[in-house]
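So the sequence lines, in the order shown, correspond to chains A and B. Our numbering applies: residue 1 is where the first sequence begins, and numbers increase by one. Our numbering applies: residue 1 is where the second sequence begins, and numbers increase by one.
What the hints contain is simulated information worked out from the structure, not anything from laboratory work. Some hints here could point you the wrong way.
[To be verified] Here are some chain A residues pointing at chain B (derived, C-beta under 7 Å):
#1 30
#2 31
#3 41
#4 43
#5 73
#6 92
#7 95
#8 96
#9 101
Every residue, glycine too, gets a C-beta built ideally from N, C-alpha and C.
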Amino acid sequence: GIQVEQSPPDLILQEGANSTLRCNFSDSVNNLQWFHQNPWGQLINLFYIPSGTKQNGRLSATTVATERYSLLYISSSQTTDSGVYFCAVVSWGAQKLVFGQGTRLTINP
Amino acid sequence: DSGVTQTPKHLITATGQRVTLRCSPRSGDLSVYWYQQSLDQGLQFLIQYYNGEERAKGNILERFSAQQFPDLHSELNLSSLELGDSALYFCASSVETSTDTQYFGPGTRLTVL
């Protein structure tokens with residue numbers, strides 16, 4: 001099945017810093033979503049982005065489908081951005097989201 | 001708030017018992033998905049229902065079963081529980097297929113003692 005790799009596994013930053021999270025996938029996809037899992041365990045949708053670029057406030061994402069990777073950018077980090085960020089994909093012909101192992105982001109005040 | 005609701009939020013039970021987790025999808029969504037998040041396995045797909053019919057199956061144990069009712073809510077039944085079944089169980093919904101955006105509920109945290 002499709003493999004999803006996220007990097008880095010852990011990231012510790014000071015408030016106000018910018019960060020880039022990467023998601024590589026091993027096959028063509030027709031769904032790619034980024035999620036933020038907050039400290040209470042909730043999975044919050046950030047982006048649906050099987051291709052192209054989207055922005056939402058301080059967050060933006062880019063997926064280059066032909067090269068099989070996606071990037072999540074967080075600018076001017078806040079402590080509330082802390083948590084685990086997951087990338088998940090659906091490969092062509094499949095029915096399920098396959099999740100990466102996540103990037104744990106810690107923003108210190 | 002994603003619009004997907006799950007009950008209960010927390011469940012503590014003993015080995016060998018049976019529990020039922022409930023999910024109501026977003027208004028208008030026909031597909032419901034169940035996922036399990038455990039420390040050692042990460043987030044894994046269990047099963048998908050579309051408009052009452054099973055559409056896809058993942059790594060779901062034979063002790064687990066699910067169904068989707070005519071009002072589109074879904075239940076996940078876990079029986080003969082083992083310590084290793086302790087996990088966070090998520091329900092998600094989408095308009096129709098897995099290529100649509102999937103929205104996740106708040107999860108049910110199951111602890112098996």
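Cross-check of the supplied hints:
no.	hint	result
1	30	5 Å, holds
2	31	5 Å, holds
3	41	6 Å, holds
4	43	4 Å, holds
5	73	20 Å, violated
6	92	9 Å, violated
7	95	3 Å, holds
8	96	4 Å, holds
9	101	6 Å, holds
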